[in-house]
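For chain A, the structure is supplied; the task is to place chains B and C on it using the hints.
Chain residues, written in single-letter form:
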Amino acid sequence: MSELPLLDVRNLQVEFKLKNGTVRAVDNVSFQVNRGEFLSIVGESGCGKSVTALSIMKLLPKRVAEIKADYVKFDGQDITNLSENEMRKIRGRRMSMIFQEPMTSLNPVLTIGDQLTEPLITHLEMSEEEANNRAIELLNMVGIPEPEKRLTQYPHQFSGGMRQRVMIAIGLACEPDLIIADEPTTALDVTIQAQILELLKDICNRLGVAIIMITHNLGVVAAYADKVNVMYAARIVEKGGASDIFGKPSHPYTIGLLRSVPRMDKKRGGRLATIEGLPPNLMAPPSGCRFKPRCPMAADTCDSSPELKERAKGKNHFTACFYSDDANKKGASIYVSDKDKFKPIKVKKDKPVLSVRGLKQHFGVSFRSGWLSSVSGTVKAVDDISFDVYPGETVGLVGESGCGKTSVGRAILHLNLPTGGELKFNEKELNQKSVALVRQDMQVIFQDPFSSLNPRMTIGQILEEPLKVHKIETDEVARAERVSELLTKVGLYPYMRDRYPHELSGGQRQRVGIARALCMEPKIIICDEPVSALDVSVQAQIINLLEDLQRELGIAYLFIAHDLAVVKHISHKVIVMYLGKVMEIGDSDTIYGEPKHPYTKALLDAAPIPDPKKERGREKIILKGELPSPLNPPKGCVFSSRCNFVTEDCRKVSPELVDFDNNHLAACINIEGGK
Amino acid sequence: MLAYTIRRILLVIPTLLAVAVLVFFVLRVVPGDIVEIKLAAEGGIISAEEIQKEKERLGLDDPIMVQFYKYMIGLPRGDLGISLWTENNVSEEIMSRIGLSFELAILSTILAVLIAFPLGTISALYRGSILDYVIRIITIGGIAVPSFWFGMLLIMLILATFGNLPPLGTISIFDDPKTNLYQMIWPALSVGYRYSSVVARMLRSSILEVLSEDYIRTARAKGVFERIVIVKHGMRNALLPTVTVIGLEFAFLLGGLVVTESVFNLNGIGKLFVDSVVRNDLNLLQGLVLTVATGFVLVNLIIDLLYAALDPRIRYQK
Amino acid sequence: MRSILRSAAIAAIACIASSTAFAGSHSSCPTQGGTLKYGVKAEPPNYDMHGTNSYAVMHFVAQHYSTLLTFDWENFPNLEGDIAKSWEMAEDGLSYTFKLHENVKFHDGTPLTSADVKASYERIAFPPEGVLSQRKALYLSLDSIETPDDYTVVFKLNSPDAFMMDGFASPFNAIYSAKDIAKDPNWHKKNVNGTGPYKFVEHVKGESYIGEKYDDFHHGDNCLDRTEGYRIKGLVEPLVGGQIMAEWRATAPPEVKTLQEQMGDDYTNQSKTLMTLWVVSLNSESEPFKDVRVRQALNLCIDRHGGLPKLAKITFTAPRPSGYLLYDTKYALPDDELYQLVGFGKDAEANRAKAKELLKEAGYEGLKFTYSNRAVAHPYDHIAIWLMSEWKKCGLNPEMITNPTSKFVTIRKEGNFDATIDWAPSFLPDPTVMHFKYLSRDVNPSNYSRATNRELDALFDAQKGEVNFEKRKAIVHEFEKKALEEAYVLPITYTDRVVSLNKKVKGYVIANSHILNNTFRGIYLED
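Protein chains in written order, with the numbering used here: chain A, 1 to 675; chain B, 1001 to 1318; chain C, 2001 to 2527.
These are computed hints drawn from the structure, not numbers from a lab.
Quick caveat, the model's predicted, so the values are computed rather than measured.
Backbone N, C-alpha and C define an ideal beta-carbon position, used for all residues, glycine too.
Some hints could be false.
What the hints assert, rightly or not - Chain B stretches covered by chain C per the calculated footprint, using a threshold of three residues with CB under 8 Å from any CB of chain C:
| hint | segment |
| --- | --- |
| 1 | 1152-1166 |
| 2 | 1263-1269 |
Stated by the list, open to error - In silico DSS-like cross-links for lysine-lysine, where the CA-CA straight-line distance does not exceed 27 Å:
| hint | chain 1 | residue 1 | chain 2 | residue 2 |
| --- | --- | --- | --- | --- |
| 3 | A | K349 | A | K428 |
| 4 | C | K2183 | B | K1053 |
| 5 | C | K2233 | B | K1178 |
| 6 | A | K149 | B | K1232 |
| 7 | B | K1070 | C | K2179 |
| 8 | C | K2189 | B | K1053 |
| 9 | B | K1232 | A | K62 |
| 10 | B | K1053 | C | K2179 |
| 11 | B | K1055 | C | K2190 |
| 12 | A | K89 | B | K1232 |
| 13 | C | K2413 | B | K1055 |
| 14 | B | K1053 | C | K2233 |
| 15 | A | K624 | A | K614 |
| 16 | B | K1053 | C | K2413 |
Same shape as in the complex, but just chain A (with noise of 0.2 Å):
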């Protein structure tokens, strides 16, 4: 192996020419990767990793963006100034790249085989029969069932796994000597997420390729990667081995992104560790350290720029902080810690505030299936759920998309009128009449806070118009006083109330969202995913409020997610669904603890825990394959279609949910000792 560094970064600047003023997103980043290593950058959003990337394969708009740098070296050769032409010819032939979101990324008008065998005609100026066998080949070894077949279908007759596969496919195709993945499963589900991220790792390592993994997932970088840049604010702030990075953290703000994420593998500790404030405004960025205004070590010295410095000599561990050495040896403890305020919350089991029993929600679908002729079918995305949630309670719901849980949430607000079942609220019968009796207080937060507010009022307009159509505040002024006061509640400020969602942050956003439910006094607030679309400094700060609101209100909520970790630290209770079904319920900390089901223990193994030590260590079971069809599932057990312990009795048999211990259920044929 030549002693050559493959990618050698050297004060990499990207800056973006706008409209109302130029923006440098990436700002004097240099990194190297050697051959057949995997490299992580790791941030928020807006911190510019993407940027690095794309700016590495020459993939900006010329118009607006101009890339400046010492060197970009690639295999010893700059690229820096490289023709357009003589870019090409290594894009997709040395260095190729993987996108985000495999539903766009694929033209939907080609074919796969067309798209796969592109760049092999382009590059290899292999013959087209030539093409089609080395595509076929490729898409076997990305693990692709009926290669021939698929070869001629279009991407929307994949499923987003399907299509992330064959777009690793593409990137592989003429054998480069590196693979730019920018954040290629945060579109996807847990099990999928690992089972793509396994096939990266181990055809990367058996070909020799160096990988770039762009991610804001600690987790995954925790998993697999051998060095790790964090940026920050367009800067690498910290660089090092994963093992230093996650180990020996020494920037202030490496160790609060650490500390930020909810995990898996420790119990409960109280509230999580957040970073105060937003990250800066690339528009006029903070002079000298960027992350000053948010660091709580921060002193007079930080008015100028660190630089990044290496630790110790030939550690390779980097950091850009005056008191890296300070911060290290202090570790979380630099973040003042309020687990003293914390008082675990205690559930009264007294009478349930929200009564589920055999809660149905079918759909019936008809599509065409040729010759005049359709098929309809029903899908049941709840079938025969049960569960109580009692006042100041969080009860969990977790299951890959498609599972169904959505559809509870909607079928209790009855959004959708629910098939079967008896809802009870506060004892009273929950039907179509009386859910309107009830509708102040139950509450909804949804995931996405920017499209659920109405982008032409004010903060102060949204959050006045349930009080005044539900006549709870018909005094124009207490109306006033009453939204500061909710703005107050969740953290934000008075003023405020005349802005427009727009000129709020994502975070802000969902904040009002939260006061907007708050403003009913609600006794229950159903939280359909309300963090997945935020960022972990700020996902920390959200499920902290939903927190301190529970034991300032007692309020209870349903929390809707897909993050098992988020779930694992807000829930009293969990449910875990698959398929429209109950897989295991059970306290929070006896599923995450001690799993009794295969899939929970699937969906656990398949998350990846921010430490690499515990992550790389652990065995893992791997789901194959996907989630089947809801219009035709499995007979008999529906996970057992995928379940690793299946056994011929599970195909005939709908499993029941057992009593294990203490209100711990599951429902599955094959464990011992169920009551």
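Chains B and C only, in chain A's frame:
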């Protein structure tokens, strides 16, 4: 694809039937009396009795439901009744003129596409350049300027350049293609200008939209030649909305023919339309509306099929 | 009685005299050949001249046919023979005898005989079931037609009819072949076979109408090889662009101006008053207009002497006030007599004062009434705007309602108006044709004033039966004065007709109607 095609074709029948019924009754609400207009054209001394007789002869004093029955009975056989003005078969009157309108429609569509595609593509690829602005001004003009006015401008232009106008009277394209094209190119241009402007603008914006799509970035990341990126990956996707617009604009084209044929003294169905309205020739009018509706439905059928051919998602889903 | 005899004799002599001049004035063509391209703004529904009123038919079809008599266009309305060699009216006015030319042949080669004339006039006067004859009513006095020999036709009347003579020259009364009529009484709707100067070649519906020279034409003054008529929308561009050389109906003043500018020396035109009278019909069933004083007041308000010359500059109306009959023709009231009548005096102020007085008397000061207008610019809008302002000057409150043709026609027919624009088109300057419009409603339903006046009906019948010119003229004058004083229908003005031509077109003589002189006889082309 075949099933989709057949289903789409079968859907045409109820659509046209609905049009036929609607047209019949709507036209009967329009006031006016063809016999009166016809007989009293230039004054003359005509008794009420004569008018009544003429009405009876033309079947105009039948109860409306009887007239409707006769009309509906005739439809499946392609019998649209007789023109109340000339007393010839309506279908004959239409057939003798439809060729010209058809040629005009085809010619202006071809012209529109020929103009729109280069303009739209150049405009999109050189966005923000002077060229782009010039093209955008030209195309906004096409949308803003009414086609009859543009037609009149064209006539003035021909007069100023050639000193005379193309000869009147239809000359078949098969007998004398040169003269025929010299006659037809101007009206085709007058209709096609608007048509091409709309299409060019649509094409421009859809190319711009498509070029910012993720799969274009993917194609570039694959190291594909830029030309191929634009033509193979870009254009085909950009064509989808453009094709829809071409189909929708065909409706305006049919409307445009009405004025343009009058401006250029062309003997097509557009002019026949105007004549039959002026004369209150209801039979002819309903025949014409039905013909135009059929044309519109057929064109949209073709567009739908074309769309399905271009977009696999439609082909496979339905 | 003696005077009748004398006048009849004079007429007969005159006719013989003019017929001897046959084959003299028109027979020679200064040049021969070429194609005449002309435009027509309308489309003929069929080719039957007996059943039409439309100029569209006349402009295309008249070239194929001959009539018994025709007019001397230079000295209109003097008669001359077409297929008739000579003619004579009996002294009692009850029979007319025609001698026909013997060399006249139809386009299909068959000779024309008296039987064809008989069959044609019977089709006009006594149409069989299913045949529409537009002028049946004019021949109520015709009793029978006799054909003593192949070239003599005798028309027998049951009462004297003063209209008869001019009627024989009516361009509508084309002579068809008896055998064609025998084939199918409506054969001529879709087929053409005449004895006229040009033969039918082809008609492309809505587009073009082609004729070619008939070599055996009996007058020999068909100087063109070919005639090509085109259906046009406007006449300016086709004339300027050389697509056509003539349009026979009328050119509006602004169009004339444009053509003069754009064609320069290539342009020429001819003008003459057209026998279409624009009138305002007052609905006599509307309460205020039952009072003759109100009707007269409306008439008095119109300052004809001041306004018409101005109006004529912007649209194709004549600049001269007139009664119902066309001025300067033999039966018309002389101007000095006309100007004595209510509403026709020269002093506008006095007229207006009188009008206000009458309105006050009748109790209709500031009367509000509707005026139904047809949504056509020339001349309807221009006339409407002028009338509105004239009436407002009298303190009246007219409200204009403008509608497209079909709705306008319906309103006019159903009487849903107080006042309406209306028109009285005539193709012959004969009182029987021109006064028919103003008869009682049960006699003529197209008297849209819906008035009934038996006195006028009687006068009309009297003049119709009077073949003595002076006597007839006296009765006609009486009718004219009476009707104008009753003021059910207010004559506004006749129409000015301008025919635009390319200067190549020679030998054309404009007539007082676009129905007249459309056979293209004598027209030749000169480069």
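In rising order, the numbers of the hints this structure does not comply with: As far as the earlier hints go, 7 and 14 are violated by this structure, in ascending order.
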